[in-house]
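Sequence order for the protein chains is V and U. Heads up: the first sequence begins at 0 in numbering that gives the first Met the number 0, then just goes up one per residue. Heads up: the second sequence begins at 0 in numbering that gives the first Met the number 0, then just goes up one per residue.
Incorrect hints may appear among the rest.
Derived, one-sided and incomplete: chain V residues facing chain U with beta-carbon distance under 10 Å [said to hold, decoys possible]:
1) Q97
2) T123
3) S147
4) T148
5) L188
6) L261
7) M300
8) V308
9) P312
Sample of chain V residues lacking proximity to chain U, with all beta carbon distances greater than 10 Å (derived) [unchecked claim]:
10) P23
11) L35
12) G125
13) L133
14) I177
15) L181
16) A184
17) G194
18) S195
19) F197
20) Y216
21) L291
22) H292
23) G301
24) L305
None of these hints come from the bench; they were simulated from the model. In this text the structure is predicted, and so the values were computed from the model without any measurement. Cβ coordinates follow ideal geometry from the N, Cα and C atoms, glycine included.
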Amino acid sequence: MSSVPLSSQAVSRPRASAPLRFAPWVVLAALAAIPLVAPAFGLDYYIEFVRRVLIVTIAAASLNVILGYGGMVALGHAGFIGVGAYTVVALVDAGFDQVWLAWPLAMLAAAGFAAIIGAISLRTRGVYFIMITLAFAQMLYYVAVSLSTYGGDDGYGIYSPLSLGWFEGWHPHMLYWIVLALAAAAFALVGRLAGSRFGKALQGIRDNETRMAAMGYPVFAIKLAAFVGAAAVAGLAGAMLAVNNAFVSPSLMHWTESATLLVMVVLGGLGRRWGAPLGVAVWMTLAEVLKLHTAYWHWPMGVALLLVVFFAPRGLAALADRRREAA
Amino acid sequence: MNTIFVIEQLLNGIGYGFMLFMLAAGLTLVFGIMDTMNLAHGSLYMAGAYVAAKVHAGSGFFVGGVLIAVAITVLIAFLLEMVIVRRLYQRDHLAQVLATFGIILIADDLVHALWGPSPIMAPTPAALTGPVQVLDGLPYPSYRLLMIGTGLVVAIGLYLLVNRTRLGMLVRAGASNRRMAEFMGVRVARVFSFVFALGAALAALAGALMGPISAVQIGMGESILIPALVVIVIGGIGSIRGAFVASLLVGMIDTAGRAFLPPLLRAVLPPTLAADLGPALAGIAMYLLMATVLSLKPAGLFPARS
Numbered sequence: 000m001s002s003v004p005l006s007s008q009a010v011s012r013p014r015a016s017a018p019l020r021f022a023p024w025v026v027l028a029a030l031a032a033i034p035l036v037a038p039a040f041g042l043d044y045y046i047e048f049v050r051r052v053l054i055v056t057i058a059a060a061s062l063n064v065i066l067g068y069g070g071m072v073a074l075g076h077a078g079f080i081g082v083g084a085y086t087v088v089a090l091v092d093a094g095f096d097q098v099w100l101a102w103p104l105a106m107l108a109a110a111g112f113a114a115i116i117g118a119i120s121l122r123t124r125g126v127y128f129i130m131i132t133l134a135f136a137q138m139l140y141y142v143a144v145s146l147s148t149y150g151g152d153d154g155y156g157i158y159s160p161l162s163l164g165w166f167e168g169w170h171p172h173m174l175y176w177i178v179l180a181l182a183a184a185a186f187a188l189v190g191r192l193a194g195s196r197f198g199k200a201l202q203g204i205r206d207n208e209t210r211m212a213a214m215g216y217p218v219f220a221i222k223l224a225a226f227v228g229a230a231a232v233a234g235l236a237g238a239m240l241a242v243n244n245a246f247v248s249p250s251l252m253h254w255t256e257s258a259t260l261l262v263m264v265v266l267g268g269l270g271r272r273w274g275a276p277l278g279v280a281v282w283m284t285l286a287e288v289l290k291l292h293t294a295y296w297h298w299p300m301g302v303a304l305l306l307v308v309f310f311a312p313r314g315l316a317a318l319a320d321r322r323r324e325a326a
Numbered sequence: 000m001n002t003i004f005v006i007e008q009l010l011n012g013i014g015y016g017f018m019l020f021m022l023a024a025g026l027t028l029v030f031g032i033m034d035t036m037n038l039a040h041g042s043l044y045m046a047g048a049y050v051a052a053k054v055h056a057g058s059g060f061f062v063g064g065v066l067i068a069v070a071i072t073v074l075i076a077f078l079l080e081m082v083i084v085r086r087l088y089q090r091d092h093l094a095q096v097l098a099t100f101g102i103i104l105i106a107d108d109l110v111h112a113l114w115g116p117s118p119i120m121a122p123t124p125a126a127l128t129g130p131v132q133v134l135d136g137l138p139y140p141s142y143r144l145l146m147i148g149t150g151l152v153v154a155i156g157l158y159l160l161v162n163r164t165r166l167g168m169l170v171r172a173g174a175s176n177r178r179m180a181e182f183m184g185v186r187v188a189r190v191f192s193f194v195f196a197l198g199a200a201l202a203a204l205a206g207a208l209m210g211p212i213s214a215v216q217i218g219m220g221e222s223i224l225i226p227a228l229v230v231i232v233i234g235g236i237g238s239i240r241g242a243f244v245a246s247l248l249v250g251m252i253d254t255a256g257r258a259f260l261p262p263l264l265r266a267v268l269p270p271t272l273a274a275d276l277g278p279a280l281a282g283i284a285m286y287l288l289m290a291t292v293l294s295l296k297p298a299g300l301f302p303a304r305s
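Just need the whole structure built from these sequences, with the hints factored in.
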């Protein structure tokens, strides 16, 4: 068996050197300090920006699990983000304003949709899988467009902020730290998953599905479980985006959003725990900076994408490895 | 709802179906022969629409505008194939999706820089502005008839090219088994370059023809790309015949869904529910069709690969 598709990225790596082992904690501390430091420099706007980056990181991390570990090229992940966001909208519209009720329910809703969509989609493979996940996301998109109760195409504004429950009123930037904590949890989970039994099985299926089936692994169930779990986390990210933006519209689940999510994961590094945070941070910062300076901010992103595809196909997170190998 | 209305909508569906076919034909061959996923096909469609609209508005010659649009788009496609797409054959689908998505981003900004951010007007040719009496009591826009006619000619031409010529034989050989064709001495890469250019020409033609009846704007390529991909998946990747059947099917279902579903639902459901459900069902009809086809025939209606 010599077929090695897509993979060879997440093979066992040398144990990280000491400074790299502490890197997550350093980054976490730096991020946690932002709301305390930024106002002193008049950079309040960037607190909101970093919060948005962190939320998208959660969504990207979930995609990285099924894409990087599972080899499932799902081009409809934004659909689950939308399901999560619209769950919050539905609850707010019905008069519930507790974040701690809305977020778990959003995860459940996204998981429910993913169970149905995954059960059908995972029977196909290759390009057909890409296309059928795209098709289901488009269906969700058109359903959202036609939901006139929730504003249809124009979207739905959440005018009274949701309650953070017990954390409410501690600090004006409490939401930021909650988002950061959840993003850190997602980061830790992705890192843990790589070494876990479930994660190993998933990577085994990516590399050789027939072999794993022959060894008695319930291949379909494992793939479906990963798909549903990733969708639930994406649903959470969508629900957090709804709270963060105080606005939800169908454009959240347009297919280009799914594609952008894929782009960010691959840019960062498939199947690597640093992949999602790096990819999202670099991509969104690049977009933000370019938007500030020019109306033509798409094409440099396109060029960057081509450069990554041709010159750094394993993503930014792999560049550190290469340097270490060269040393 | 009367017979005239139904026939009119069916004609619209056929017209839309033929336009989809022009896009899907190129896409399915590129996909089928080189196993290459090209999301930037929609950008070629956009290029065709913009150039045709601009040349037509500037010179007053509709046919000239269409021809120049096709020529320029083929030139762009030629460069694109040589510089970027050719390097993607050996890569996985993910790399192809990413790279061609990058091309979309560049193309959208290029159009933005050349022709501005707002949609432009694509005039209907003066000779074709009036309706034609198709049936008793059914006046039908003559421009839409031209679209149907052109689509028919393209479909027949493509059928003859693929099934009756030596070149078509090479194309079919490449689509059904590329390796075997290479063993037999077919220069598949060269055939592919030709197919890519042909696909671009058809995409540009579709764009140029769709311009006057739809909005010529940035992003038009992305929105037509998805139905075109749905078509090639339903038809079976690599199959021209499949693309033809599927594009008419999708064109009809999409048009019929938008025209007939809302009034039908209003007749049987409470109005508020019908107002929500009608457009939703019409929007997802073709995706439902695709999901159904794939669950029954996982390789599409007319699988090209043996």
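**Request:** Compare the structure with the hints numbered earlier in the document and write down the numbers of the violated ones, lowest to highest.
**Result:** 1, 5, 12, 13, 23 and 24
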